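Asks: Sequence:
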Amino acid sequence: MPKNCNIVIAVSGPPGSGKTTLAQNLARALGLRYFSTGIVFRELAKKKGLSLEKLSQLAEANHSIDRYIDSQTINEARKG
Numbered sequence: 019m020p021k022n023c024n025i026v027i028a029v030s031g032p033p034g035s036g037k038t039t040l041a042q043n044l045a046r047a048l049g050l051r052y053f054s055t056g057i058v059f060r061e062l063a064k065k066k067g068l069s070l071e072k073l074s075q076l077a078e079a080n081h082s083i084d085r086y087i088d089s090q091t092i093n094e095a096r097k098g
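The numbering used here applies: residue 19 is where the sequence shown begins, and numbers increase by one.
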């Protein structure tokens, strides 16, 4: 892969479907950096002192949480 090429591959699916395993293996095989929005979500929950379940419930009612995670994801995607 050319080093000056910003490639972003998004993998989505339901919990337990193997997204993380697939994405990590794909990143390794293609020599790309691995990033997970789940990491951002877990860090935010920890920072706020909330369980993942509670933060998920809050995110349903408060779309600013999704916007924050989206902005962090976009920033990471821009890095390639």
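These aren't lab readings, by the way, just hints derived from the structure by calculation. A quick note: this is a predicted structure, and the numbers were derived from the prediction, not measured. Warning: the hint list may mix true and false statements.
Below, a list of computed lysine to aspartate or glutamate pairs in the DMTMM-like style, where the Cα atoms sit at most 25 angstroms apart [what the hints assert, rightly or not]:
hint	residue 1	residue 2
1	37	88
2	64	88
3	97	78
4	37	78
Between beta-carbon pairs, the in silico distance windows are [what the hints assert, rightly or not]:
hint	residue 1	residue 2	range
5	82	44	29 to 35 angstroms
6	71	24	20 to 26 angstroms
7	48	92	17 to 23 angstroms
8	81	46	15 to 21 angstroms
9	97	67	27 to 33 angstroms
10	56	80	15 to 21 angstroms
11	66	24	17 to 23 angstroms
12	40	79	18 to 24 angstroms
13	67	47	33 to 39 angstroms
14	49	75	20 to 26 angstroms
15	82	25	28 to 34 angstroms
16	96	71	28 to 34 angstroms
Just so you know, even glycine gets a beta-carbon here, dropped at the ideal spot from N, CA and C.
Asks: Does each hint fit the structure? Answer for all of them.
Replies: Hint-by-hint comparison with the structure:
no. : hint                        : result
1   : 37 / 88                     : 18 angstroms, holds
2   : 64 / 88                     : 18 angstroms, holds
3   : 97 / 78                     : 29 angstroms, violated
4   : 37 / 78                     : 22 angstroms, holds
5   : 82 / 44: 29 to 35 angstroms : 31 angstroms, holds
6   : 71 / 24: 20 to 26 angstroms : 35 angstroms, violated
7   : 48 / 92: 17 to 23 angstroms : 21 angstroms, holds
8   : 81 / 46: 15 to 21 angstroms : 34 angstroms, violated
9   : 97 / 67: 27 to 33 angstroms : 29 angstroms, holds
10  : 56 / 80: 15 to 21 angstroms : 19 angstroms, holds
11  : 66 / 24: 17 to 23 angstroms : 31 angstroms, violated
12  : 40 / 79: 18 to 24 angstroms : 31 angstroms, violated
13  : 67 / 47: 33 to 39 angstroms : 38 angstroms, holds
14  : 49 / 75: 20 to 26 angstroms : 38 angstroms, violated
15  : 82 / 25: 28 to 34 angstroms : 30 angstroms, holds
16  : 96 / 71: 28 to 34 angstroms : 31 angstroms, holds
Hint compliance for this structure: hints 3, 6, 8, 11, 12, 14 are broken, all remaining hints hold.
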